[in-house]
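Student: Protein chains in written order, with this note's numbering: chain E, -10 to 104; chain U, 3 to 118.
No wet-lab data here; the hints were simulated from the structure.
Heads up, none of these hints are tricks.
Straight-line Cα separation of at most 25 Å, SDA-like style, residue types lysine to any residue; simulated pairs:
| hint | chain 1 | residue 1 | chain 2 | residue 2 |
| --- | --- | --- | --- | --- |
| 1 | U | K105 | E | S60 |
| 2 | U | K105 | U | S30 |
| 3 | E | K30 | U | E44 |
| 4 | U | K117 | U | E17 |
Covered stretches of chain E, as calculated for chain U (at least 3 residues, CB under 8 Å):
| hint | stretch |
| --- | --- |
| 5 | 29 to 36 |
| 6 | 94 to 100 |
Ideal placement from N, C-alpha and C gives every residue a C-beta, glycine not left out.
Single-letter residue listing:
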Amino acid sequence: ETGVTQTPRHLVMGMTNKKSLKCEQHLGHNAMYWYKQSAKKPLELMFVYNFKEQTENNSVPSRFSPECPNSSHLFLHLHTLQPEDSALYLCASSQDGLAGVETQYFGPGTRLLVL
Amino acid sequence: DQQVKQNSPSLSVQEGRISILNCDYTNSMFDYFLWYKKYPAEGPTFLISISSIKDKNEDGRFTVFLNKSAKHLSLHIVPSQPGDSAVYFCAATRPDGSGNTGKLIFGQGTTLQVKP
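With these hints in hand, go ahead and build the complete structure from the sequences.
Tutor: This is the structure we're talking about:
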């Protein structure tokens, strides 16, 4: 595996379900990101982790809970979501989010549908 | 308030001709701008960037122009090829005071179709 991978690629869940999105990067990077892309809207940054520490929470509701156990893995735990949370969730990584502008490398995304 | 705007949701161009994708921004503190390309079922991939100290950056068929006074940037693709058909996002970033510039602000994207 190379680059940034995300699983699952598609997910349908009810509002009472609990699910998790997984992201893994094979690039040796130290910064990882979660983005949300709703239909016809820009990508919105949700969370940033640098060296496993959360450095950005962009006013995301608590029903989204990130976890970064190590620099290569990032999870997004979902519970009691709303239909308006249906979107494409993209993970990205960069070499070191603390040292200036860097190219972010994106995974293919998880297409989430909340019923 | 959307700080980065791509006002054209779609653009159709004939193969071999020039494609011009536009992006406007409102925050004068932005000092670095990037273009990403996204194919269906794939994540965005970095294409080209430009620092605010420059007004042009060229990489092969791709050139980005920055007009700071107008808070406007554009991506030129010439000649356009059918494989360039994708969604193009512009993004901007600025230092947050501590030097961190990992936070990208994206536009909503423009879908480019290059017809053979």
